[in-house]
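A.B. asks: Residue numbers (my numbering), protein chains in the order written: chain A, 56 to 296; chain B, 434 to 919.
No lab work stands behind these hints: they were computed from the structure.
In silico DSS-like links for lysine-lysine, alpha-carbon gap of 30 Å or less: (1) 287(A) to 919(B); (2) 628(B) to 82(A); (3) 281(A) to 473(B); (4) 628(B) to 156(A); (5) 499(B) to 82(A); (6) 628(B) to 207(A); (7) 883(B) to 844(B); (8) 82(A) to 473(B); (9) 271(A) to 473(B); (10) 74(A) to 670(B); (11) 271(A) to 585(B); (12) 473(B) to 290(A).
Only a predicted model underlies this, so the values are computations on that prediction, with no experimental measurement involved.
Chain residues, written in single-letter form:
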Amino acid sequence: MLDELKKFHDSHPNEINLKYPDHYDTKWVLDESQWPCFHLSALDNQPWKEMHAEAEALLDKFYSHREHSYGNGWKSLTLHGLDEDTQSLSGYGEREETLKKLHWTWVAEHCPVTKKFLTETWPAEYLNRVRFMLVEPGGYILPHQDRPDEEKRLSVCNISLNNPEGCKFVFKQHGIVPFKDEGSAFLMDISNPHSVWNQSDIPRIHMIIHSELGRKVRDFFYIVRKSFYTNKERKINEGLE
Amino acid sequence: MKDWNSLSADRYYDTISNSNEVGIGILDISRDIDSDFVAKRTFDITYLYVNRMLKMNLATYVGFEKRVERLLELAVDRNKKYCMIACQGLFLFRGPSLLVQSLEYAENNPNFFVMGHIMDKKKQHYITEGAYPGLHRQYLFVNLKKWIELGKPPFDEMGIFWERTPEYQNVEFSKDTIHSDYTPAWIKGAEGTSKHHITSDGSNWIDIAARNGIQIDNLDHSMRECKVFLYPYMNTKALETAWLDKKNPVVDTMDFNQKFWLRKLGDQEAIEKNRVYAFNTETLSSEGVRTNGKLVDYLFSAAAGFKPLAILNANGFHSGTEINYFDWCQASLDYKKHLLETWDGYDLDKWLLEHDDKYNFSSTFKGNYTEFWQQELKDFGGSLAFQRLWARYKNLRHNFHIIDIVNDYDKLFDMIDSVHGTKVIWTTNIWSSEMLQWNVEPEVLEEKWKGFKSRITDDLILYGLDYCSVDMYESIKNNVTHVRYK
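Next up, chain A with everything else stripped away, as it sits in the complex:
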């Protein structure tokens, strides 16, 4: 198992380097770019460190995740869902009824900065499942994909509240997602096989947001557009384009 993990990570030693087109087009970025991830740099100045502190204070409350399938040292804690250990929403019967039951869990009450970000800043009208995701030192998530190949699109948001040196999130055929230790938000295309390996001695805490845009489409587009131009400018400044 570890051989498979090592082989997967060794074969992707470099960070993902996206080629930005000259002109911005939301539809292209989200649905047609085939990009495995997209840095929402417009959110770079969020209080990620405070949110990290809130999550870190609850480390002993996390629940093991996929421990018997492809996770090891992988844990989660649900802020918004059915309870603090909410699994995939499709596993709870009638979807429509499940959605109606979603609520803030006790976790959110202990994390006011995180809750404020989710209610006031995150550009979606409805939250589905929102979780802190922990990968313990030495922990890993084996290569897997969450959607079939034909459903390529950027959708779920993965936010690094920290990302210690030595912890890598790798997309097959693309490379390492450039998560920042100081905090960074990325839209992800999880139809691509991916894997995480925390080879540091620090717990890695991310937050995954599943949401429905509803009437906040334009707010979301704004974040994506602003991020596109910021990312492109940074690449130019770094001499990468």
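Given the coordinates of chain A, assemble chain B onto it according to the supplied hints.
C.D. replies: Just chain B, lined up with the frame of chain A:
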């Protein structure tokens, strides 16, 4: 067709009766505009046209806000019956006419909720193909009483729903369309409801109206002709380029409305270079006497219409009074000189017709010389009174100077400072002309105005308007400034 080339209120609109029942709010869509420059300047120009309506006391400005419902609340707070929402980038260049027509509509349809651009485009945005119909956010005219009755519904932005699809009333459209197959003349409720994955701006208002048996009407052609929407979130970079460079080939690549407006401005700019104003658009005698009984010794005047004559007539002058005309346009000075040398004070309309090809007369008056001349005579107390006044006036000493008083005001003030006596200046609406306000942002204009203002001495008697179209005396006294963008 009248010219609408200044922020200043128009003398020929004196006849509009109004009770100021309308609040006007500007909808902030800067989030969607990918250029700080275009966002700022579209606000400036949207406010410019709104401001003209305010100066005519036709409406009250309620603010610049991101949400329609917030603007409506502000209008309610000001006890208004109606609220006109103008989106940032909407230019109400014939706003007074639109307002009058809208009030007529309200009178004929007392139970209306909202009038606006009904969009049944099925594709308001490329990601919202197949949407439930909505109302374009560029312009809304809302009956506040009905809005309150309906529970003060917010104006929803377009939405995408994968799972929590809203259930809206089915609707029926008029067979008539206004200008495209996606703009029906009206929309009203039909039997049943259905769920929608995609909604448009204002879809919930359509639904609420439909559920309450209220028909929503579109703007008719006459109303549409009163405004233009620049779609500042489309071709934004090109718009930024062409804002000042109106003849740039990039204009050809733009949306129809953008093209139309920039070409219109470009043409107007070219025309203004030698445009001549035979009459004034501002009221001749509204400011009254300002010299406190002293006869005017020196008048420094823009070379337009008969306003200088009216100022002299009101304050009094003598045979030694000297007139110094200034204008940035040589043609205006030439016209004034020509008129003084050749016209006897009778039948100006005939003189103008005779010289119609020689001068580029303002289109406001072109073809209607008799009508405007008769009004002028009325204002001066009849033909005989005018002719006597003209005879005295033309015998005065007249000097002509090419001066751009916005950018080269020192030249004017050096001249003013060099003479002594009762000195009067009339600057008309130069500082608040549409072209100037388009090309120079208010913050820059304000600095120029401050420079101009600093050269005004206590003994100079003022007629004319500042860069906000406020009388210069009031402007100096109250340190008037413009409405800021954010």
